[in-house]
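K.L.:
Generate the whole structure from the sequences, applying the supplied hints.
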Amino acid sequence: MFSVSSTLRVPVWARQPTPSRKSLFSRTHLSLVVLLTTLVLLAHLYLSHHARHIVLTPSPIPRRPAFEGCAPTSIELAPRANGAILLLVREGDLPALLPTLRNFEHRFNARFKYPYVFLSAPDEPPFSPHFRASIADAVHPGALLEFGQVPEEHWRIPEWLDEDEIRAGFLRQAGEGVQYGGREGYHHMCRFYSGLFARHELLQKYEWYWRLEPGVRFYCSVTYDPFRFLAQRNQTYGFVITLIDDLNTIPSLYKTVKQYVQEAGLTPTDMWDFFTRDKNGASGYNRCHFWTNFEIGHLPFFRSQPYQQLFTALDRSGGFYTERWGDAPIRTIALGLLEGTDKVHYFEDFAYRHDWFMHCPERKEMGCDCDCPAFDTDHVDIDGQSWGSCVPEWKDISSVQWREKHPLPLPHTSPDSASFSFPSSRKGDWEETNVPV
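Going by UniProt numbering, the first residue of the sequence shown is number 1, and it counts up by one from there.
A couple of the hints might just be wrong.
The list that follows gives simulated cross-link-like pairs (lysine-lysine, DSSO-like), each with its CA atoms no further than 27 Å apart [said to hold, decoys possible]:
| no. | residue 1 | residue 2 |
| --- | --- | --- |
| 1 | LYS258 | LYS343 |
| 2 | LYS205 | LYS343 |
| 3 | LYS205 | LYS255 |
| 4 | LYS205 | LYS258 |
| 5 | LYS255 | LYS364 |
| 6 | LYS258 | LYS113 |
| 7 | LYS395 | LYS258 |
| 8 | LYS113 | LYS343 |
| 9 | LYS113 | LYS255 |
Here are the in silico distance ranges between beta carbons for each label pair [unchecked claim]:
| no. | residue 1 | residue 2 | range |
| --- | --- | --- | --- |
| 10 | ASP137 | LEU77 | 22 to 28 Å |
| 11 | ARG183 | ARG363 | 26 to 32 Å |
| 12 | GLU159 | ASP371 | 26 to 32 Å |
| 13 | GLN308 | ASP371 | 25 to 31 Å |
| 14 | PRO141 | GLU176 | 29 to 35 Å |
| 15 | ALA78 | ALA136 | 20 to 26 Å |
| 16 | PRO158 | ARG111 | 39 to 45 Å |
The hints are simulated quantities; they were obtained by calculation from the structure and are not laboratory data. Since this is a predicted model, take the numbers as computed values, not measurements. Even for Gly, the Cβ is constructed at its ideal location relative to N, Cα and C.
P.N.:
What follows is the structure, encoded as structure tokens:
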């Protein structure tokens, strides 16, 4: 506590001449103003530092979470990104979908109010009035809900493949234990999400998407805007879980990609080592990939000519059907070929579960209001599985590349900025400073 005496001791150098009572009052008043102003400024700096979690001391650790703990409730919600929550679902998914939506609203979207885009396969009936009403009841009042279908031409065996041979191949894949290899619709879904989704008419007005699936659950609150977080840093993609894919689903994928890279004369980015180096440091496709049942992506990248050319080349090879190529390894390879580590963010502070795999922040204080369940046979901590997780590989390669590009550590700052506005184009570098986090 600070106190101010009613009698001021006048310094020796100021005792000529003896000041009047009026001048003494003026000095006292001035001192009080200066003292109070200083206290207000110090209090503002203290609160800003602790509320926004700004690390003023430079840190050598790259790619930190956006916030340690909860973002302040006073953080600006505008300007909001031009994004949507994307779901590809069936009418029969409703029992699993409704708890996911309620959880997602509670943890994020009741506050940020991003629109939803629900798509169904063309071999499914359009969403019923009951389905739509149930969705509306599960989300925030006044939510923008759009419902559509995948075009038929994007959900069938391509004309350059023999349908009889392909369907016989589905039976063979099922007999060989290829996960979902016997389900034709799953092949269509992987192909759609690998490239065709970015062409859908309902997504054309959006620049960002957050993919959500029935059965997903978030165990920490997301109190900042991850769309805006990525946009401020000129980043393209965000993930939570990364793991090793099954070899029997993609036996020829990497060989096909390498052939395309050679024929197109492309030079991979610094992220290529993430999935072309094994745990012992030897070269070779290690099958590390980002799990796409959670992903946040920048749609202009997926609509771009380089990405669509890569997708078309892979599509023409037939691997989505002759094998069971997933959208996740293709997404990862494309980012490694065309974007690089600086364009990808690991949302380590998110707590997320899909099926039996789950990620929770290693330190509880990293997330916000977390209630992660104990790991057991039904909740596998994928990050703790040395045989399956690719988090060590990601942290290793992203740290190496970050240090090479940023020899002098930069301070970590909050993503919130009153002066920030979204650029109209991303053809070149944005004016916003890229802060490695």
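K.L.:
CB of PRO141 to CB of GLU176, is that within 29 to 35 Å?
P.N.:
violated (50 Å)
K.L.:
Given the hint that LYS395 pairs with LYS258, test it: the Cα-Cα distance must not exceed 27 Å.
P.N.:
Holds. LYS395 to LYS258 sits at ~24 Å (cutoff 27 Å).
K.L.:
If I claimed the Cβ atoms of PRO158 and ARG111 lie 39 to 45 Å apart, would that claim hold in this structure?
P.N.:
holds (42 Å)
K.L.:
With a cut-off of 27 Å on the C-alpha distance, tell me whether LYS113 and LYS255 pass.
P.N.:
violated (43 Å)
K.L.:
Starting from the range 22 to 28 Å, see whether the pair ASP137 and LEU77 falls in it by beta-carbon distance.
P.N.:
At 24 Å between Cβs, range holds.
K.L.:
Is the hinted pair LYS255 and LYS364 satisfied, with a Cα-Cα distance of at most 27 Å?
P.N.:
violated (41 Å)
K.L.:
Given the hint of 26 to 32 Å, check if ARG183 and ARG363 actually sit that far apart at their C-beta atoms.
P.N.:
violated (39 Å)
K.L.:
If you check the beta carbons of GLU159 and ASP371, does the distance land in 26 to 32 Å?
P.N.:
Violated - the Cβ-Cβ distance for GLU159 and ASP371, about 50 Å, lies outside 26 to 32 Å.
K.L.:
Could you grab the alpha-carbon distance between LYS205 and LYS343 and see if it respects the 27 Å cut-off?
P.N.:
Given pair LYS205, LYS343 holds - Cα atoms ~22 Å apart, limit 27 Å.
K.L.:
Hey, LYS258 versus LYS343, does the alpha-carbon distance stay inside 27 Å?
P.N.:
holds (22 Å)
K.L.:
Does LYS205 pair with LYS258 here, judged by a C-alpha cut-off of 27 Å?
P.N.:
Cα-Cα ~34 Å, so violated.
K.L.:
Using the C-beta atoms of ALA78 and ALA136, is the stated range 20 to 26 Å upheld?
P.N.:
holds (25 Å)
The structure fails hints 3, 4, 5, 6, 9, 11, 12, 13, 14 (numbered hints given earlier, in ascending order).
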